[in-house]
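K.L.:
Below, each chain spelled out in residue letters.
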Amino acid sequence: MGEDDRGRTRRTPHPDRLLPAEPHLRDIARRLYQRVCELPVVSPHGHVDPGMLVRDEPFPDPATLFITPDHYVTRMLHAHGVGLDELGVAQGPLDEAGARAVWRRLCENWPAFRGTPIRYWLEAELAEIFGVEQQLAAETADETYDAVAQRLKDPAFRPRALYARFGIDVLATTDDPCDDLSDHAALRDDPTWDGRVVPTFRPDAYLEPAAPGWPERVKRLGAAADVDTSSYEGYIAALESRRRYFIAHGATATDHSHIDLGTEPLGRDEARRIYASALAGQATAAEATAFRRHMVAEMARMSCDDGLAMAVHPGIVRNHHRPTFDRFGGDTGHDIPAQLEVVRALRPLLERYGTHPGFHLVLFTVDETLYSREIAPLAGFYPSVYVGAPWWFLDTPDAIRRFRHAVTDSAGFGKTAGFVDDTRAFCSIPARHDLSRRVDAGVLAEYVAEHRLDEDEAAEVMVELVDRQPRVAFKLGGGSGAEAPA
Amino acid sequence: MGEDDRGRTRRTPHPDRLLPAEPHLRDIARRLYQRVCELPVVSPHGHVDPGMLVRDEPFPDPATLFITPDHYVTRMLHAHGVGLDELGVAQGPLDEAGARAVWRRLCENWPAFRGTPIRYWLEAELAEIFGVEQQLAAETADETYDAVAQRLKDPAFRPRALYARFGIDVLATTDDPCDDLSDHAALRDDPTWDGRVVPTFRPDAYLEPAAPGWPERVKRLGAAADVDTSSYEGYIAALESRRRYFIAHGATATDHSHIDLGTEPLGRDEARRIYASALAGQATAAEATAFRRHMVAEMARMSCDDGLAMAVHPGIVRNHHRPTFDRFGGDTGHDIPAQLEVVRALRPLLERYGTHPGFHLVLFTVDETLYSREIAPLAGFYPSVYVGAPWWFLDTPDAIRRFRHAVTDSAGFGKTAGFVDDTRAFCSIPARHDLSRRVDAGVLAEYVAEHRLDEDEAAEVMVELVDRQPRVAFKLGGGSGAEAPA
Amino acid sequence: MGEDDRGRTRRTPHPDRLLPAEPHLRDIARRLYQRVCELPVVSPHGHVDPGMLVRDEPFPDPATLFITPDHYVTRMLHAHGVGLDELGVAQGPLDEAGARAVWRRLCENWPAFRGTPIRYWLEAELAEIFGVEQQLAAETADETYDAVAQRLKDPAFRPRALYARFGIDVLATTDDPCDDLSDHAALRDDPTWDGRVVPTFRPDAYLEPAAPGWPERVKRLGAAADVDTSSYEGYIAALESRRRYFIAHGATATDHSHIDLGTEPLGRDEARRIYASALAGQATAAEATAFRRHMVAEMARMSCDDGLAMAVHPGIVRNHHRPTFDRFGGDTGHDIPAQLEVVRALRPLLERYGTHPGFHLVLFTVDETLYSREIAPLAGFYPSVYVGAPWWFLDTPDAIRRFRHAVTDSAGFGKTAGFVDDTRAFCSIPARHDLSRRVDAGVLAEYVAEHRLDEDEAAEVMVELVDRQPRVAFKLGGGSGAEAPA
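Residue numbers (our numbering), protein chains in the order written: chain A, 1 to 486; chain B, 1001 to 1486; chain C, 2001 to 2486.
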């Protein structure tokens, strides 16, 4: 920190930020961090729009880049009494006055973010990408807005230039099974583009007969796969076909997020019967749940066949506040974690596929109690199970520390799956990965200082956490952990 | 620590107690603590008897002051084999021999309290209020008893003098809806008293049709409100009336403690029907639960109307050991935390009132797993939701640290509700608040040392945690966070 | 660490390993650790075969000593893709080539254990018992195998010599109620043996009517007790008789592990009825569960009569992966923790027996969330309840720290039950106890550095945790905490 030429606080990121305070630990951590701070970003799960990289247009304005679409930012402002309508949510493109007003809301409420990772990310992005180090505040609102807006006109701040500058080696998107993946194809076929953006097969809405519009959705699935989905067998074939299509477009993984992780399979006849009922809009809630659980097990079966890694992000109550959903839509900051159980829930799946050669199941949770009690013990036995990174509410300095301390005892480092940024905020990718590297360096420094690891071993682990583990768990290949889907 | 003139250990409180051990962190923490160590006590939730301040009589004896009514102390002695009968519980006033014997039990068993906050509080009280620094032990029992007993005869140790000495700015009591609040009125009308003691509306027993004596209780409620409670409408009107009465006597909040936080409202007809059944003693257990959940939602509705903040302390299995309850009554040390869920339970309430302007819902828990998973995410979206302080079993150095690390990521500091002492042990109030300030200073020092906050920001946060946050969350006004109920 | 004469890494255990990194804390911790590092081992719960000490034969080979029977080791290798068949599991005695091949699997996969307590234990065992300090790796596999195999031929490495060298004061085994305890008797009657090995009454399989073969099992119980178990009364009498037999052979405790801790008693007639149904193979699943819960309460009743301490290790889903169980049997690394609740579950038992003089109930859990929420508050009221040590997945540096911080606030140190190694890996006993002592010394150092305990008090606590607490809780007598069963 320091002051600018008008005596205002500057927030220059400290080179030792997030490293442990104790001097001996900090020295070790700094050395470990140095080993990985320049390594490329491996991003196996996120929500960046690939079309942004195809079009490579300038970002429109600071508010649209940093605030309006990012529910991490808007939820905290909302919690402090700023309406989502004041933040441009669900209003389409902002004009200059509108964008400036939204930016001002953030600046005025900047103290609300103290102590949160959101502030940490935003400060890192502003300073390290945009060279803006003024402390945000009502009195710096216009100045900082102008500084960012000015940069956005510079071609060096377009998406592809930033992708290169961020050192991204591979970026996985999250995609609807019916998506034609034309953006992915366009990138692949573009001789001027040398990045790697891979799709991820995310079939949630097609596996939940209770979701509104499900009969139409599976019809569209049939159309996309050119298969008649009026029968259960057709539906299964269509899903298998779309998975193949995704693999042909570079996918290495599927992704799943349901409220629980039930995986009890149904008999073929029962599956057929419920499928038909659901198509007719007549399945009960219990039947719809049973069918969805069956289908999650089916996804594992398909993964054993086609080699896609299977990642699960369960246990979120979506759209907790219905009036906000009705007015502003989903992903607006009120998805709230739920209590979760996976040991019994996953047993049917793991009894069938848990030791299948090459099957990978990456288990994420936002219920921290699962780390030491359920997920680490499962990953410490099943060759297929990887511990997903601390995610969403947990991808923060304190939670990442708790995560490592909770899972390492039972699962070591080699059954964890690296870091995922899980973000739609493109510019936050470097800061999020850097945060994870810094915190892991601090944790590993503790192991060294307590003589549980030699420092050269810790340095090897450091590199594996950043580079090898996500490539292996998500079958991304490349780097030091090549392993491609069958 | 040190020795007295007879070579016995003295326990002089260390000026840096509870601050982090690492020297750099301790320096920062010491500076942060200095900013708040002299600030007045804001106590928004507790169980002090206001009549004690009206009467201002000397405390009877050391055992009655420190042991017999304090279930924190008696439960630990009981856990080590000392019967509650040996501690004077439920035996009325103690004579001098009896009080001395009770005090001796504490002294003999003093090592049982090592490592507990109970010892920390008692040592702080004895040293800082009473100037007694001998280590408690069988051989110091009489001497320390005499020293405290001697002080209690001094007018400087009467309740009002201690209130002033403790620096209490405002003290909230917990009161029955039928209470005439005459003690509060007496204090308000006493020209020689310049403290502030406000009542809190605690209607638990009136909202639980399954509680013994409920029909008589709602009849008394009607009498207190001068409303006929033989109908559901009359019952609602009586509650609304008593809330107004409390507001007129200075109340700013209601307080609620039920076994779960269910808030599903009933239709008007169903509410009427169950009310009538319950009055007739014919409601089923399920109906009684449904009615109570409905009434908790009604309390939120009333808060939206009358502006009282709503605090909830759910999830306690009361009187776990029935034989002890039968012999010694309630609040005797065997209320035990229960597992809790609030995300789904609160959804009906929050969908209706969660974004109502001015509505405040302060969520306490003794199930720590809720902090990062449920309460912080809720407080990080809903403007009404505040994270209640770590409470009861959790108002301790280690638990407060865990609390801050668990909630700050998702809710920052500005959606937490400050500290509550929740005590009936009047003399423990300063030690409890001081403990909280010391621990928070240590946590904030970590943020500074890890370059996540500038030290001047941390100092601002420190003051807010002590002074602003409890005033805002509980609508106490005054200080830097004035906001009064409508 | 360092290098050997061929330039390879040596892993010489550091004298300060596991002590806190911060210099001031480390100094205190080192002094506290010095107070207990030479104290005898008190091992109140484990799975060592007493016949091993009767026979006192050399251990066959390094793989059989360190790998094949130890599910901690085999599960991690399995998690990294090494089949249990490659590790000699369930294959009977290994020949030399087989043992060497198994050892090589461990060495090749040594990095998989980084950060785990398994590595910590194995390194300590190899270095401190066998003088082997080479880092395990593919290239050191044969050399280290030979070094260990060579030592195993030396009489100084036979079980009795190691028992003496490990400084074991008392070792409790875990035994079937029908066991004739002839090994225990042989040791007791052997004039050349001066160790103490006591049996523990573990009746799980006799209390679960749903377990396969239960009718035959209770028939065998009757035969062992010489009581007709065709009636419920006979069954109860047989259990009481076998408990007396165990007491006569030195037992001081019973041990119980069921999936939940339900303790609701049945009426006598209902118990009789279900017992008869179960003998006839006709009890429903619900009846079997109800009967088992009733019997756990009965075990408490018997403990009040005969004075055996009662230890419970609930909440484990046994044999999660059925195909592995079918092929390799139980205890093969896929027992996984389950979520647990004990406050309500134990209420029936504690209301009846919780304040019975001399009754001891030691509560273990692998669900960490219970420590602060349930177990510590129960132990902080009930004189009978002791907090069991962090166990199985939790007997590790980080988990032990979390345990102390979670339970001390509400239960102090004096209601915790010391450490249990719970191991069938005989040579890991010293390393496991030493780990626990080091970590506790570090935790206590924090209390001293934060001025919450004087250092002389912390030193007393240190000794109590190692020596007094397990003797008291498990009624082992001896040391400083003599208390024998009635």
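To be clear, the hints were calculated from the coordinates, so they are not data collected in a lab.
Among these hints, one or two may not hold up.
Residues on chain A that point at chain B, a partial pick, calculated with CB under 7 Å [what the hints assert, rightly or not]:
| # | residue |
| --- | --- |
| 1 | 14 |
| 2 | 17 |
| 3 | 21 |
| 4 | 78 |
| 5 | 79 |
| 6 | 322 |
| 7 | 329 |
| 8 | 333 |
| 9 | 334 |
| 10 | 393 |
| 11 | 396 |
Computed spacing ranges between beta-carbons, pair by pair [said to hold, decoys possible]:
| # | chain 1 | residue 1 | chain 2 | residue 2 | range |
| --- | --- | --- | --- | --- | --- |
| 12 | B | 1268 | A | 57 | 49 to 59 Å |
| 13 | B | 1358 | A | 91 | 19 to 29 Å |
| 14 | A | 167 | C | 2142 | 50 to 60 Å |
| 15 | A | 305 | B | 1284 | 47 to 57 Å |
| 16 | A | 85 | B | 1248 | 54 to 64 Å |
C-beta atoms are modelled at their ideal positions from N, C-alpha and C, and glycine is treated no differently.
K.L.:
Taking the hints in turn, state whether each one holds.
P.N.:
Okay, the hints, checked on the actual structure:
1. The restraint placing residue 14/A at the interface with chain B holds, with a minimum CB-CB distance near 4 Å, inside the 7 Å limit.
2. Because the beta carbon of residue 17/A sits about 4 Å from the nearest beta carbon in chain B, less than 7 Å, this interface hint is met.
3. For the restraint placing residue 21/A at the interface with chain B, the shortest Cβ-Cβ distance is roughly 4 Å, inside the 7 Å limit, so the hint holds.
4. Interface restraint check: residue 78/A against chain B, minimum CB-CB distance 6 Å, threshold 7 Å, status holds.
5. Against a cut-off of 7 Å between C-beta atoms, the interface hint on residue 79/A holds, since the closest Cβ of chain B lies about 5 Å away.
6. Interface hint at residue 322/A: satisfied, since its Cβ lies 5 Å from the closest Cβ of chain B, which is below the 7 Å cut-off.
7. At its closest, the beta carbon of residue 329/A sits 15 Å from a beta carbon of chain B; the interface hint therefore is violated under the 7 Å criterion.
8. Hint status for residue 333/A relative to chain B: holds, with the closest Cβ pair at about 5 Å, below 7 Å.
9. With a cut of 7 Å, the hint placing residue 334/A at the interface with chain B holds, because the nearest CB-to-CB distance is about 5 Å.
10. The beta carbon of residue 393/A is positioned within 7 Å of a beta carbon in chain B (closest approach about 5 Å), and the interface hint is therefore held.
11. The beta carbon of residue 396/A comes within 4 Å of a beta carbon in chain B, closer than 7 Å, and the hint placing it at the interface holds.
12. Checked against the hint of 49 to 59 Å, the pair residue 1268/B and residue 57/A passes, with Cβ atoms roughly 56 Å apart.
13. A hinted range of 19 to 29 Å for the beta carbons of residue 1358/B and residue 91/A is consistent with their spacing of about 26 Å.
14. One distance hint, 50 to 60 Å for the beta-carbon pair residue 167/A and residue 2142/C, is violated here, with the actual separation near 43 Å.
15. Against the hinted window of 47 to 57 Å, the Cβ-Cβ separation of residue 305/A and residue 1284/B comes to about 52 Å, which satisfies the hint.
16. A beta carbon spacing of about 37 Å between residue 85/A and residue 1248/B contradicts the range 54 to 64 Å that was offered as a hint.
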